[in-house]
Amino acid sequence: MRSMRPRWARATGMTMTTIASVLRARAMRAAIALSAVAVVSVLGAGGVESEGSPAPDQIWRSIFARPAARAVDEIEAKRQALGAALFSDARLSRDGDRSCASCHRPESGYSDGLRLARGRDGTALKRNTPHLFNLAEGKAFYWDGREPTLESQARVPLTAENELAADWARTLADLGADPEMRAQFAAVFPDGGVSEDTVIAALAAYERSLVSPVTAFDRWVAGDEAALSEPERRGFRIFVGKGGCVGCHGGWRMADDGFHDIGVASDDPGRSVVAGGAAGIPAFKTPGLRQVSKTAPYMHNGSLATLEDVVAHYAGGHLKRPSLGPNLVQDLELDARERAALVAFLKTL
Numbered sequence: 005m006r007s008m009r010p011r012w013a014r015a016t017g018m019t020m021t022t023i024a025s026v027l028r029a030r031a032m033r034a035a036i037a038l039s040a041v042a043v044v045s046v047l048g049a050g051g052v053e054s055e056g057s058p059a060p061d062q063i064w065r066s067i068f069a070r071p072a073a074r075a076v077d078e079i080e081a082k083r084q085a086l087g088a089a090l091f092s093d094a095r096l097s098r099d100g101d102r103s104c105a106s107c108h109r110p111e112s113g114y115s116d117g118l119r120l121a122r123g124r125d126g127t128a129l130k131r132n133t134p135h136l137f138n139l140a141e142g143k144a145f146y147w148d149g150r151e152p153t154l155e156s157q158a159r160v161p162l163t164a165e166n167e168l169a170a171d172w173a174r175t176l177a178d179l180g181a182d183p184e185m186r187a188q189f190a191a192v193f194p195d196g197g198v199s200e201d202t203v204i205a206a207l208a209a210y211e212r213s214l215v216s217p218v219t220a221f222d223r224w225v226a227g228d229e230a231a232l233s234e235p236e237r238r239g240f241r242i243f244v245g246k247g248g249c250v251g252c253h254g255g256w257r258m259a260d261d262g263f264h265d266i267g268v269a270s271d272d273p274g275r276s277v278v279a280g281g282a283a284g285i286p287a288f289k290t291p292g293l294r295q296v297s298k299t300a301p302y303m304h305n306g307s308l309a310t311l312e313d314v315v316a317h318y319a320g321g322h323l324k325r326p327s328l329g330p331n332l333v334q335d336l337e338l339d340a341r342e343r344a345a346l347v348a349f350l351k352t353l
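Under the working numbering, think of the first position of the sequence shown as 5, with each following residue one higher.
Since the hints were made in silico from the structure, they are not lab data.
In this text, all values refer to a predicted model and were calculated from it rather than measured experimentally.
Here a beta-carbon is modelled for each residue, glycine too, at the ideal position from N, C-alpha and C.
Among the hints, erroneous ones may be present.
Label-pair distances were calculated between CB atoms; the ranges are [to be verified]: (1) Gly321 x Ile79: 35 to 43 Å; (2) Ala319 x Ala187: 53 to 61 Å; (3) Val76 x Glu337: 39 to 47 Å.
Here are the computed lysine-lysine pairs in the BS3-like style, where the Cα-Cα straight-line distance is at most 27 Å [claimed, not checked]: (4) Lys324 x Lys130; (5) Lys246 x Lys130; (6) Lys351 x Lys298; (7) Lys246 x Lys298; (8) Lys143 x Lys298; (9) Lys143 x Lys82.
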């Protein structure tokens, strides 16, 4: 009997259940992309859809507008401050010479500028260090999305043998012996004191507070027409139009929280070996593009050194395989001027 599974699914050994999940995701992204094309077609015409309807720029501004700042009470603000102190505290590492900030450097957009993260012995780990901006609204963490909360995410590098490898008994004793630190814990965790769980909670609170700064693009979104240069505006039109970038990088964070195979050359199985992932599809989480000019190199394995390299990847430099996302079925066709404009726009984020 002829198999009902499409050829690309047979090639990866996917079950019918997994196929249905993939098709739903593809349909959703395709719908977003088609909506973007419809709006951009109006943009290209230089007018509005009908009298009294919002201009296309107004539509895009509503899509990319920042939400109101997340309200926090006094206790939460103090937890964030405690988490900020712990983030840079080397007492959280077994060797006393590393902290969270060793890999997530504020001056580098909370990444480290390296192709691959470095372990406590200096050896390269398997993936690039992701930035930490705008995680409060995230739904799954790490490149493969294996951790469901910021608390569970924060625990991993603290306990991983090749990262901080915390000796909790010693770490908690050292923190508890510090009068200032002990007072900070008592103020925000009156029932918990200095413990593994309260350290994790404070770090997660700090991570939730990390919001990317307002940029030229945000000023344009807020109505300042002069905030973007003409090349940057052309790059934006490409981003939401023929480039199809908005299909995965929509919303003010420029991320859909989804997992996609974008044809990066790698033997890393990614999401495919994590619960909820599709077997045989080396998908990775869509990174938010805020502050992207500061977080090179790019991709889960740091294989693309510059934004120009990223654009070239989508223009035909990616591997062609059946599990590619729908936006990659055809190569991105941009001339040199258009590529430069797209990169110029990305630098405004």
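Evaluated hints:
For the pair Gly321 and Ile79, the beta carbons lie near 49 Å from each other, so the given range of 35 to 43 Å is not met. The hinted range of 53 to 61 Å is satisfied by Ala319 and Ala187, whose Cβ atoms lie roughly 56 Å apart. As the Cβ distance of Val76 to Glu337 is approximately 46 Å, the hint placing it in 39 to 47 Å holds. Pair hint Lys324 plus Lys130 holds up; C-alpha atoms about 23 Å apart against a cutoff of 27 Å.
Distance restraint check for Lys246 and Lys130: the Cα-Cα separation of roughly 33 Å exceeds the 27 Å cut-off, and the hinted pair is therefore not satisfied. A hinted pair counts as satisfied when its Cα atoms are at most 27 Å apart, and Lys351 with Lys298 qualifies at roughly 9 Å. With a C-alpha separation of about 25 Å, the suggested pairing of Lys246 with Lys298 holds against the 27 Å cut-off. Of the supplied pair hints, the one linking Lys143 and Lys298 holds, its CA atoms being roughly 23 Å apart against a limit of 27 Å.
Of the supplied pair hints, the one linking Lys143 and Lys82 holds, its CA atoms being roughly 24 Å apart against a limit of 27 Å.
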